[in-house]
Amino acid sequence: MHEVTIASSILDILCDHLTRHPNTVARSITILVGVFRNIETEALQFAFDALKGERPGCANCDLQVKVSHLLARCARNNHLYEPAPERYYRCDCGAGMGSIMRGQELDVVDCTLQAIEEEQACTK
Amino acid sequence: MHEVGDEHTMENILSRNDEIAEHNREHFDEAGVFAINLMSAPGAGKTTLLGATIPLLGTSECSVIEGDMVGDLDAERLQSKGIRATQISTGRSCHLSAQMVARALHDDSTINGYKYLFLENVGNLVCPAEFQLGEHTRVVLLSVTEGDDKPLKYPVIFRNCDAVVFTKCDLLPYVDFDLDQAKGFVRSVNPGVRIFSVSTKTSEGIAQWVEWLRLGRAAYGNGLKHVHFSSS
Chain E
1 MHEVTIASSI LDILCDHLTR HPNTVARSIT ILVGVFRNIE TEALQFAFDA LKGERPGCAN
61 CDLQVKVSHL LARCARNNHL YEPAPERYYR CDCGAGMGSI MRGQELDVVD CTLQAIEEEQ
121 ACTK
Chain D
1001 MHEVGDEHTM ENILSRNDEI AEHNREHFDE AGVFAINLMS APGAGKTTLL GATIPLLGTS
1061 ECSVIEGDMV GDLDAERLQS KGIRATQIST GRSCHLSAQM VARALHDDST INGYKYLFLE
1121 NVGNLVCPAE FQLGEHTRVV LLSVTEGDDK PLKYPVIFRN CDAVVFTKCD LLPYVDFDLD
1181 QAKGFVRSVN PGVRIFSVST KTSEGIAQWV EWLRLGRAAY GNGLKHVHFS SS
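The listed protein sequences derive, respectively, from chains E and D. Going by the numbering used here, the letters in the first sequence line up with residues 1 to 124, in that order. Going by the numbering used here, the letters in the second sequence line up with residues 1001 to 1232, in that order.
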């Protein structure tokens, strides 16, 4: 299940941020996943939640997933359109996908860290 | 809540894999090796195709890195034909990663002295699409026994490749596989992809496929960073 690999990569990035900001813990991380990636977001969430406890400072981190929908240029006339599987990813003119403008992202877009003192104060 | 930390910029989640893939590519370029990532569902005929392809390219000019979850049967099959094959057991991982390939490259003899390196990925139409290995070109196999709708069901892998090879074409009279429809579906998601129809039993299409690989390596030799061929 490659979502485990990807969740581990997300945690690697999170740990890099924690290293750059000592005495903090991770509260949330937001990622952008394009629909034209082979990523099942529920599986990714599951893998992230399963792995985060093994990483210092990440045990209480929430994973937020934003989805980017598919937008491509027609290979024939360069028009923008939203390819859909039920239309065989083809443009109305019948041509297939040229360049993909959106929908292939797999990026961290934001993460929120919290100072440890504040986190401890909040939990009292 | 007091936010601490960087203002945020987009960061590719697979950046570490991609960095290692770039290092792998540097090794390939330094060694003068043209690397081909071969992907497909289990049983589509990757190993068999390599067994037919490599003797025509020159057995002494080709090396193979085999990725399988368990065992070394595929590596043994190729080794029995005198083909240099290195097995990577991926364990529970359903795909090769750049790190796995990098470890295989620690043995210099994996690529030194060769002109072609085939990276035979784990049989899977989903996960391998996501992971760059450092290859110069990506090829997806689809056998005619699998169903002509697979390019629509697995569009990501068919999109992110430079060639599609329809295998086992000698079985077309016996299966409900519309080859023209399948090609049309492939072109819907990847209009510029090169398509081959082959049979290792009859040798149909093998010469054209081998010639494409030779052209690929020749183009690489002219300094193209990523080799992509049109259908012409």
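Treat each hint with caution, since some may be false.
[Said to hold, decoys possible] Each pair of labels, with its calculated beta carbon distance range:
| no. | chain 1 | residue 1 | chain 2 | residue 2 | range |
| --- | --- | --- | --- | --- | --- |
| 1 | D | Ala1218 | E | Asp92 | 33 to 41 angstroms |
| 2 | D | Val1175 | E | Pro85 | 43 to 51 angstroms |
| 3 | E | Asn78 | D | Ala1218 | 28 to 36 angstroms |
| 4 | E | His79 | D | Pro1055 | 32 to 40 angstroms |
| 5 | D | Arg1103 | E | Ile116 | 48 to 56 angstroms |
| 6 | D | Gln1099 | E | Asn78 | 33 to 41 angstroms |
| 7 | D | Gly1071 | E | Asp16 | 34 to 42 angstroms |
| 8 | E | Met101 | D | Gly1071 | 39 to 47 angstroms |
| 9 | E | Arg20 | D | Ala1218 | 39 to 47 angstroms |
| 10 | E | Arg76 | D | Pro1173 | 51 to 59 angstroms |
| 11 | D | Pro1042 | E | Met101 | 32 to 40 angstroms |
| 12 | E | Asp92 | D | Val1175 | 50 to 58 angstroms |
To be clear, the hints were calculated from the coordinates, so they are not data collected in a lab. Beta carbons: idealized from backbone N, C-alpha and C, even for Gly.
*asked:* Tell me the numbers of any earlier hints that the structure contravenes, in ascending order.
replied: Checked against the structure, the hints that fail are numbers 2, 4, 5, 10, 12, while the rest are satisfied.
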